[in-house]
Amino acid sequence: MIDRTNPVPVQTGSPVFAFTLNGEPVAVTAPPSRRLLDVLRHDLLLTGTKIGCEIGRCGACMVLLDGKPVNACLTMLYQVEGRRVTTIEGIAGGKDALHGVQRAFLEEGGYQCGYCTPGMIVSAAALLAERPDPTDEEIIEALSGNLCRCTGYGGILRAVRRAAAIGREADG
Amino acid sequence: MMLSRETAGGRWRIRPDGPDKVTGRLAYLTDLAAPDMLYGLVLRSPHLHARIRAIRTELAAALPGVHAVLTHRDVPGLNAFGISRQDQPVFCFDLVRYVGDAVAAVAAETIETAERALELIEVEYEPLPVLDTPEKALAEDAPKLHPQGNVMHSNAYKRGDVEAAFAACAHVVEETYSTPRQMHTYMETEGGLFVPEPDGRLTVYAPTQHGLLDRLQLARILAVPEERIRVVSSPIGGSFGGKDELNIQPYGALLALAAGRPVKIHNSRRESVRAGLKRHPMTIAMKTGIDASGRLLAHRVRIVADTGPYATLGAEVLNFAAEHAIGPYRYANVDVESVSVYTNNGMSGEFRGFGGNQAIFALEGQMDRLAELIGMDPWEFRLLNLRRMGDPGPYGQTIAQTDGAYQVWQKLKESALWHQRKIGGRCAGGRDADVRDAGGKGSGERKTAASAAAVPGNSGGNARPPWIRTGIGAALVMHGFGFGVGLPDPAAGRLRLAEDGRIEAVFGYEEFGQGLLATLETLMIETFGFAPDDLRLVIGDTDRVPDSGSSTASRTTAMMWQALRQMERPFRRKLLEAAAGLIGKPVESLALGPGGVMSANGGQRLIRYADIAGKTAEPIAVETHFHFPTSDTDKFGAHFLYSYSAVAVKVEVDELTGRVRVLEQYHAVAAGPVVNPQGYIGQIEGGSGMALGYALMEDAIMENGRYLTGNLDTYLIPTIADLSGSTAVEPIEDLPDGDPYGPRGIGEIGSVGLAPAIAAAVYDATGVRVNRLPINPALLIRKPEELWKAVSGQ
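Protein sequences, first through last, are from chains A and B. Mapping the first sequence onto numbering that gives the first Met the number 0, position 52 (from 1) lands on 51, and the numbers just tick up by one. Mapping the second sequence onto numbering that gives the first Met the number 0, position 365 (from 1) lands on 364, and the numbers just tick up by one.
These are computed hints drawn from the structure, not numbers from a lab. Every residue, glycine too, gets a C-beta built ideally from N, C-alpha and C. Hints are all accurate, no fakes.
Selected chain A positions facing chain B (Cβ under 8 angstroms, derived; list incomplete):
hint	residue
1	Gln101
2	Thr116
3	Tyr152
Chain B on its own, in the form it takes in the complex (with noise of 0.2 angstroms):
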């Protein structure tokens, strides 16, 4: 059944930030003010290599307003930040590596004070050679920008014999992708308030997706005890994985210590489009070999990603880019190694999707191609070469068993758009029959399918001018969330029933959009029968949640479904024999229910949360920590929670113009149970319009290592022109008995999938295929004879 307000019904809510946000009342962090407040600005290098040879301050600090002009001699702890490892400086002191990098900074009464002060600080660079590709970076004889090196990371997994295994193929499809420097692109840009208090302690209001890392952190920076630092991270104006690296937090905790007053830092779009992480471009090259019949016999993938300047998670991002990128299918021979490139370019990092994007991209791409190699519905091929229910993972690995590949094929397969693929003829005044070898290089080499049975073409078209096509395509992923084998992932949560009365659900996980306070309200709702206004949610403050881990890697939800299943029973007994004891009654014949503790039977309401509250010795409270499931392999990274959807889309081409627009698409999504539909909708629609972006138009390009869009007249993301097509979301929410994972994580998965889809709409429509996102419209305009040909059926 498809997903909507409609057959929703009750579990339809008002989010419980709905209000305050469709009012404007909310204040996000970056809107704070606080008295006698300065505003705090950062100098960033012009050079994307080079050796600092001076820093003169003397003029910026004498200029009158200005309260604390900063750089690395005034770092007290730990000069570099960084979640995995701390290779950035938080201020360059012997080389500036690319053009986003902290030399200094200041905080001055005005914002045009503080201007001005960032134009008196004087520094003395000598420019290095620049490194500006990962190919660059990789040569023998190119500067070192890391003590160990220009690798950041490298990654290597085999099994089989691929090599043996080719030679047995009867065919074999040799391509490489492609893939942008994608922006995250939130509305609201990073900034904060950073507030000395009269105690001595210091609070961060700033956004992040995990708090208590980012204290972990700035202690580290400030070199004061993590318990002197609190920090408020909700809510938050968009992240997807933007702003879970520490940005303007350094600068602004340190500006704000030094001068003793509180700090505002807000970033212009230009500062966060120079400074702020990107998409990892990859460069994927993909051989995979099938049997006579369309068998998989091997597949082998060598990865290239520009992580930038400094790792962040770039580690990790390649991790989990080399594990997708065997995805779901099944092989016996496989060959994957990946590296991970230290350059002068921007910087690369955590984004919505981590990897799978680029690595999806590329094998459904090559899925594609196979199956038309060998004649076969790309559809069919899938499931010819599709894990099943019992498989191990890509690595071998075990993981949590569900049929969810086999569930998300079939209902593909089933949807009326998919349908419409095969009732739709081909278009008369069709393409030249100029069949390409399949292993040829160059995108965009224009060519026609060779049957009919293999690649429909022009599916569903009407009457339309001759230079309109349509085309349906199909793509299928397997996404795993939390972090992986290897990497601590704890989790936690709190309940507890507050002096007030109300009932506090406490985790430390933050609100950027993704409707997580809402997902919580039900979850508190459904599970125990509480009433909205009986709970208090609190997230997104270090100083009152337990460490429940970040709030990344598509676990939140996962995470606050087994912690609240873990705590049921504990609450509810402890709600209950409280109330049993201050009325008198047995426990076993009262229940938990809106506003109080009612009887079990009729459900009259005995006593109220508020005249429960403070009546107990013991404070009623449970709390449970725990870690993330992961696999029993050492094979790090691996994932043993999975999640899997379908897409399938519907586009139009106009050959003139080389434009393309998605006119439908359909989601099916196996992830367990739908605990929030409006969020499920959201994300699988939201996660996809992202998609939609990286597929057809956004790619922040760099020329020599600079950014040649600086805002979003030139960085362009989609509008609602390009997303008014329909979409259908279909969620397949059972799971195998007995399976004590419940919900699994649907944040990113649903970013993953259209654009290799799109790619097999656009072939199915024009019959170029695209190796390259986002694809160029140059490679789908028809030359003029050609088109007419076309128009005059000649």
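Here chain A stands alone, though its shape is the one from the complex (with noise of 0.2 angstroms):
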């Protein structure tokens, strides 16, 4: 009855655009200017990408482009062409598994909702790739652009030390 496997129909005549989405080539046919959240969600059937404010305020959307979060609310289709694509189905880098921030989030309670976690656990997955052991005010900056109204930012902000301390630890 509820089926989510069944994409809306390309557009006829729109170009077609490539790209490397959780590591997987993928083309997909519309217009240039179309956003990449709505060919997330309404194309491809990736909810886990939210949706909150359309503005590039909330982070909800926040995927990676090359290893970059950006909101895809901001970003259009064109700008994606031979770029790299993750989104929080893609972050653990394979089926089932987790990544450390995940497990951290999980561990810690780093979420109520959940809705804004997807978004959460894509900008600190960024952060960390890049530095492995921030200081809190790296932390800060780094989720700065996503909003959770659940939790006060507390078990996130405990949740994100304790991924960092995951990463140490694997690195020792």
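Join the two chains, each given in its own frame, into one complex according to the hints.
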């Protein structure tokens, strides 16, 4: 009855854009200015990327573009041509795998309703990829574009600290 | 002991809904899609107040790709909704009363087509005078927004004789407090999927806080029996009261039935801001007097609330505010009058704290001002007047007795944060000693405390630029939970061994993030000894759940606890008797355990639950129905069960910018045993984050009845940068011997106390008393000459 495997039909006459999505090559036929957010959620039914404000203020739609966090609501399809897009569904790098940040969010309870969580985890993963041992100031800077209304951020801050610690243990 | 992952030990579990949340696998109801799905949009009024002359939909209906265009003419049943009173039209027909009012709705094959169709609907309006303040709406010659007039609800309570008592007071403080139109700002906006089923039923996938009540309201609107509607209502991306009332459900349901196809609606943030509920702005005037020793003698309260165009739970919010404006203090003479007024402003309604946030900000402000007048420490002043175990509730009503008020008072007094306040000396280069009359008007009048004993000031200050000031403040909260006297407040639950061997715990509650599923799992594990894998937690589906009442009013943990307490023995007995019959051992030798029934002494598993399922003549199931405990008073809305909290906060004020930063928080919470430590911390930290926004930045400002904010670029909620200070949460778990009510509600109380505590801390830092939230930074900026004096020491 609920069929989530039936994408919206492609728009005829639109160009094809090829990019890498979560490690797999994809080709999307759509107008060049179509928002990446709509490509992901509507066309490809990857609904882990959330929609909160559509003006780049809440971070619920955060994805990685060549490893850097971007708001999918402010990114147009033509901008991802030939590049690597990583969503929450691909952040761990494998089916059933968990990224260290995801594990830390689970263990610390860095989420409640969970709606901001994919974007939050994407931003945190991008930070730790660049700064494996961040200061609190760096964590705050990296997550200041992601709004959470449930947690008061306490659990999120503890989770990112813990994810960094997990990373240190893995390296040590 | 402070609550944390470390101190919680084995009770700190990964939430059952956690893995799907951190991986993005969890399908929220606004993530759903269906084959042949249409997109629904609602046409809303551009006017604040206008008469509808004509509505023409022919052009919209003729647009290719449009499958339904609906107006008031197309509502088969009751063209109105409202949890408490049904005064909000599904589709307006004679008048529009605010800029979110719905006039028509369309369903089309694409969102773009639906947008185009909305533009083609022609509505002729005749603008009417706008009532954009409660004062205008209460004027004698004001147009009536509803047949009964513009007073949506009023409430009065009196005991003693306040006027005579004021005459006998040594000191009186009179102040008027104003509070903002706070937005819930759940991250997932309203939306859902509406599916007409082949058997003629309708399935509604849309968030709410009480699925069965949505079903009832939709049945009235659609004029179908309730059984023809199934409401699936969890999971939810945040609600905080804001999705308690119907929002897009009537439109989705009507469109889906009219088009005969699934319809999806998902509000943009802009539409959510425009149409959605907000916290009631209130003006609260208080006059409170004490005798020469500091004892409260008289307390007069006048509350005016702006409820906007329709009621929803505005009457109940007002009742709550009136009760909590009396609060946990002793006074012989009390006089509270409150009124909630229809206006053409945005919708006000139910929001975490439910009127308590406004009332406690005012009440705690009075306590601080009175303490200062008489030269007492503000915390000792509260103790002098604080309710004790055995005292009746705010309305003099019978309540379940605990010593919570004193317990949280004591814990805060002992806290490290409050000690900092004592040892912190006043910063050099202090403020002018321009003591103002306590009864004086106007927020932000700068004053310096008369004595260091009364207001220590600049607590815990180190070497800092002289324009950075720190201060510490505190507030105390008594918060009722459940609906209170006079309202149906049912509770129910069901336990069942399912055919596949899973133990089903079935409740009509909703998971909007608070951790209800985790709490239920923990209760099941700790009550029976089941393993997480033995369980199936069933909520949020009207086809499957009993009427457990709503997931509001901080009530669900207490109701689940009480329901399990009632079902524990019979369910255990049924399971053990079934096992005993199957394996031929006496019931007394058996016990429940993870995975199956065990030997009571050896702990060895004797039979799996899966091997009991389906093997008994009678199904193994237990169900309970009961009512939320209420007081024996006839005072409508009075509560019986209360939680208590005390909040201390340290802030830093930059007197060049007027900005306030919260550095450190301490929360003592007396609410009975902690069921779910992770959820408990989350509620207090998360609730106080909302209170920080309420105190320092949040207000959905309306000008001439229109929102000046449309999205999260202008409506600011706290970010991680605003909330990176430390927060300690100290639960007080003990209850009086024989207390039968168990864990108390904590879902709302965390959102109340921090705002008045911040106001007190700002005063401690700067000498500026605020009576309006959010605190206006302009009031905290020191004039250059003052700063020069501070810097140069002259």
